[in-house]
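For the protein sequence lines, the chains are C and F, in the order given.
Residues 0 to 408 (numbering that gives the first Met the number 0) make up the first sequence, in order.
Residues 0 to 408 (numbering that gives the first Met the number 0) make up the second sequence, in order.
Hints are not guaranteed to be accurate.
Copies of the same chain look alike in the list, so a pair counts if it works inside one copy or between any two.
[Stated by the list, open to error] 30 Å max Cα-Cα, derived BS3-like pairs, lysine-lysine:
1) K323 / K209
2) K123 / K374
3) K288 / K323
4) K124 / K379
5) K316 / K283
6) K44 / K323
7) K124 / K146
Calculated from the structure, these hints are not laboratory results.
Values in this document were obtained by computation on a predicted structure and should not be read as measured data.
There are 2 protein chains.
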Amino acid sequence: MSSSSTSALEIEIFQYIDAHQSDFIENLKEWVAVESDSVQPDLRKEVVRMMALAADRLAALGATVNLVNLGSHQAMPVNFRFIIEGMEEAGSLGLENLLEKENQCFFSDVDYFVISDNLWLSNKKPALTYGSRGNACFFVEVECGSKDLHSGTFGGIIHEPLMDLIALLDSLVDPTGHIQIPGIYDSIAALREEERKLYKSIEFDLDEHKNNSGVKKFIFGTKEEILLHLWRYPSLSIHGIEGAFHEPGIKTVIPAKVIGKFSIRQVPHMDLLVVKQQVVEHLKAVFSKRNSPNKLKVSMPLGSKPWLADVNDLSYKAARRAIKTVFGEDPDFIRDGSTIPVARMFQTIRQKSVMMLPIGAAEDGEHSQNEKISKHSYIKGTKMFAAFFLEISKLHQHLHETSHTETNN
Amino acid sequence: MSSSSTSALEIEIFQYIDAHQSDFIENLKEWVAVESDSVQPDLRKEVVRMMALAADRLAALGATVNLVNLGSHQAMPVNFRFIIEGMEEAGSLGLENLLEKENQCFFSDVDYFVISDNLWLSNKKPALTYGSRGNACFFVEVECGSKDLHSGTFGGIIHEPLMDLIALLDSLVDPTGHIQIPGIYDSIAALREEERKLYKSIEFDLDEHKNNSGVKKFIFGTKEEILLHLWRYPSLSIHGIEGAFHEPGIKTVIPAKVIGKFSIRQVPHMDLLVVKQQVVEHLKAVFSKRNSPNKLKVSMPLGSKPWLADVNDLSYKAARRAIKTVFGEDPDFIRDGSTIPVARMFQTIRQKSVMMLPIGAAEDGEHSQNEKISKHSYIKGTKMFAAFFLEISKLHQHLHETSHTETNN
Chain C
0 MSSSSTSALE IEIFQYIDAH QSDFIENLKE WVAVESDSVQ PDLRKEVVRM
50 MALAADRLAA LGATVNLVNL GSHQAMPVNF RFIIEGMEEA GSLGLENLLE
100 KENQCFFSDV DYFVISDNLW LSNKKPALTY GSRGNACFFV EVECGSKDLH
150 SGTFGGIIHE PLMDLIALLD SLVDPTGHIQ IPGIYDSIAA LREEERKLYK
200 SIEFDLDEHK NNSGVKKFIF GTKEEILLHL WRYPSLSIHG IEGAFHEPGI
250 KTVIPAKVIG KFSIRQVPHM DLLVVKQQVV EHLKAVFSKR NSPNKLKVSM
300 PLGSKPWLAD VNDLSYKAAR RAIKTVFGED PDFIRDGSTI PVARMFQTIR
350 QKSVMMLPIG AAEDGEHSQN EKISKHSYIK GTKMFAAFFL EISKLHQHLH
400 ETSHTETNN
Chain F
0 MSSSSTSALE IEIFQYIDAH QSDFIENLKE WVAVESDSVQ PDLRKEVVRM
50 MALAADRLAA LGATVNLVNL GSHQAMPVNF RFIIEGMEEA GSLGLENLLE
100 KENQCFFSDV DYFVISDNLW LSNKKPALTY GSRGNACFFV EVECGSKDLH
150 SGTFGGIIHE PLMDLIALLD SLVDPTGHIQ IPGIYDSIAA LREEERKLYK
200 SIEFDLDEHK NNSGVKKFIF GTKEEILLHL WRYPSLSIHG IEGAFHEPGI
250 KTVIPAKVIG KFSIRQVPHM DLLVVKQQVV EHLKAVFSKR NSPNKLKVSM
300 PLGSKPWLAD VNDLSYKAAR RAIKTVFGED PDFIRDGSTI PVARMFQTIR
350 QKSVMMLPIG AAEDGEHSQN EKISKHSYIK GTKMFAAFFL EISKLHQHLH
400 ETSHTETNN
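Make a model of the complete structure from these sequences and hints.
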């Protein structure tokens, strides 16, 4: 904040933010109390309620704009368009169609896309994100019949679907995390030496990350190996099984139909349809060796592509300056092992710069139990966004003046 | 019913049962409407309600005894003691202690134990059951930490507990149902040639059994192989996983703690403690090969021993006659692949004859969805119990007279 580059306007905004910290926290409290979990069908009504809440709040801001009304009435440094979508964890079905439909309407005058839906790499140092992995989700269904059976009456004489499924799931990854599906690594972009060097300079505390995860030991021992395997190599995770007994206690059931759920985080230049074919062929091959009379079905209900941005884009420059102003240091330029499908969609559909600007610490546990945000990240992050809007306004204006000058030449 | 051995008393009872069929069905309707599922903790209050209902009904019967009051007031051919226990599917914790405690009190004058908690081998031919498999239930817990993780943030760099668990579960059984745990078949009673012949004479419709199960194909092709593998060889079934994602849809979670549930149906002369040790050692050996830093815990929360009775016992003779009278044919003498721990407990604690007298068809789907009983089985079964009580009274009296005569000699 004591940076010499801080403008009088920025100081005024930052003082406003500091003075209203408790209002901001109350607002956030009200929002996070809404159980808007799109994955649980029962809670989807809460996603809709969250939407209504957000809409009301934005409408209210549009009417009074107290937060950014800094003397010159309704004068914002940039114009905003908000897109709020609540089903990201459930695959955001229909979002891509909407973006395509609104490409020449709602989005026609949008120059920069900013998404704030991920975390920094460390607990303290801010980061800018320029890439994310894709995600291909798979369902493997094995069925022996229409009704569950009792293990006393049929145990030992039938091919149990859950045993078939477990063998299929066990064939996917070796104990070192290496995916066993033939061909899956074939089209991954080769790692260039200068790219490998880039990883070396990133500030990343392995022990901190390990503490955040709660696990005792990672598969890899060095920072570079860890980041490469999170960002630019694919991974496969098994999430669970639908249809089997899942409650506490014991139930001596042979489930008749079980569905294994797993997903592959893919990276450039893996192709979704090729990945799907490789998975299907591999599972069919493993299944056929078991001589099981059960029915096997493999499907890919969701598939999101990876995303990579150009870090020389103007928005990255503006964000870098804003971070320097508010946090007093340069951000790390990082990728994200997770998937933000909308980043890739905006890039593909609008052909405009897309940036991810996180304001959460690594330890905040996104998508997990006790997901949180620290007061520090929340308030400083709010200031950072204010500074970013001022910066991008300046840079954008400069770019257009330059462009105008060039045209005049 | 037209059998020449049917007595006037039996005819009177059977007519009463026929005339009151709809009352019996109404009674049963009221009982099965109670969701007394001991496995689901939420429904345990219903188990208690079921107990109260049964107690009320028995008290009411004790007061008026309309069902068997056939002219000679309160005169039953035998005395009854009922034991009603609702937690069998959840392991009947504490039952064995109660039986031991009541051995010289409540049970002191009980000569014959009859349990009716299983099914016939076919849909039409009645059966008497003289043995059941034991059941050893296992929990295999693998844990990486205290909180679930996101597959984008940690996928590819951690040893996922669910992958460890799946590998462990996959190591238990081969695709032909053969258990892979070293030593597990060592102490199984050898199959004698005369025993093998016994299996040949049993009426068992393989296709009917397959239709009841809903599966396309069994692991074995002959009646003998099927019955041997259901009754006198152990089997291992996997029931499910606690702690993993189990709902419809997708959740890109890496579960931090998962518990696999499986059980082994054991047969004479497998020893529960030896089985437990073999399972633990096998799982530890498989786990150690994975070099996983996760925590492994194996436990056997429930263990029930197998049971075998002597088919020459008086109660088996009485039941055979009663079945012949009511159903017009001799029963099959069968074993049961399921576990009725109380049969073994009565046998061990009381050292008295224990018999299982089922009145349900194979297709009734015990313990499964849409469990049912046909009106035919229910009404004929009720008659069969009446005839059985008369027969056992006669045979018991005869035995004591003979014994008295012998003493006098």
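So, going through the hints one by one against the coordinates:
1. K323 / K209: within (27 Å within a copy, 72 Å between copies)
2. K123 / K374: within (13 Å within a copy, 72 Å between copies)
3. K288 / K323: neither (59 Å within a copy, 49 Å between copies)
4. K124 / K379: For K124 and K379, the Cα distance is within 30 Å only inside one copy (12 Å; across copies 79 Å).
5. K316 / K283: Neither: 49 Å inside a chain and 54 Å across chains, both beyond 30 Å.
6. K44 / K323: For K44 and K323, neither the intra-copy (40 Å) nor the inter-copy (62 Å) Cα distance is at most 30 Å.
7. K124 / K146: between (54 Å within a copy, 24 Å between copies)
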